[in-house]
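The opening residue of the sequence shown carries number 1 in the UniProt record's numbering; numbering runs sequentially from there.
Since the hints were derived computationally from the structure, they do not count as laboratory data. All of these numbers come straight from a predicted model, not from anything done at the bench. Careful: at least some of the hints might be erroneous.
Listed next, the in silico DSSO-like pairs over lysine-lysine satisfying Cα-Cα at most 27 angstroms (straight line) [to be verified]:
no., residue 1, residue 2
1, Lys40, Lys6
2, Lys10, Lys34
3, Lys79, Lys13
4, Lys6, Lys79
5, Lys82, Lys6
6, Lys13, Lys34
7, Lys82, Lys40
8, Lys6, Lys34
9, Lys13, Lys82
10, Lys10, Lys79
11, Lys34, Lys79
12, Lys82, Lys34
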Amino acid sequence: MDSPAKVVIKDGKITATVVWSSPNYDYMLVDGTKYLNENKGGNSTFTIPVSGFDCDIAVVGDTVAMSTPHEIEYTLNFKLVK
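Could you build the full structure based on these sequences and the hints that come with them?
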């Protein structure tokens, strides 16, 4: 995953653009909501909501790299650097 991620704060909401180091993720699940890959020609890219900084966020990424698609659980943490 690219680091640092692009983080945007707009109208009181935080989003992050997550770019995987693989083109094989077709969706992510965040708080039960499915987000589809935004980049069909390169590494999988998703814009997801961020609940806050310096806290763990549980997400699921679905990869199609193996013989059958499967979901993998990840924990993301976004740090606010001043």
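Results of checking the hints against the structure:
For the hint pairing Lys40 with Lys6, the CA-to-CA distance comes to about 19 angstroms; that is within 27 angstroms, so the pair holds. The straight-line distance between the Cα atoms of Lys10 and Lys34 is roughly 21 angstroms, inside the 27 angstroms bound, and the hint therefore holds. At roughly 16 angstroms between alpha-carbon atoms, Lys79 and Lys13 fall within 27 angstroms of each other, so this suggested pair holds. Proximity of Lys6 to Lys79 is assessed by CA-CA distance (about 12 angstroms); at most 27 angstroms being required, the pair is judged to hold.
Distance check on the hinted pair: Lys82 and Lys6 sit about 15 angstroms apart at the alpha-carbon level, within 27 angstroms; holds. At roughly 18 angstroms between alpha-carbon atoms, Lys13 and Lys34 fall within 27 angstroms of each other, so this suggested pair holds. At roughly 34 angstroms between alpha-carbon atoms, Lys82 and Lys40 are farther apart than 27 angstroms, so this suggested pair is violated. Pair hint Lys6 plus Lys34 holds up; C-alpha atoms about 20 angstroms apart against a cutoff of 27 angstroms.
At roughly 18 angstroms between alpha-carbon atoms, Lys13 and Lys82 fall within 27 angstroms of each other, so this suggested pair holds. Restraint check for Lys10 and Lys79: the C-alpha separation of about 17 angstroms stays at or below 27 angstroms, so the hint holds. This hinted pair checks out: Lys34 and Lys79 have alpha carbons roughly 24 angstroms apart, not beyond 27 angstroms. In summary, the hint linking Lys82 to Lys34 is not supported, as the alpha carbons are separated by about 31 angstroms, beyond the 27 angstroms threshold.
Hint violations for this structure: numbers 7 and 12, all remaining hints satisfied.
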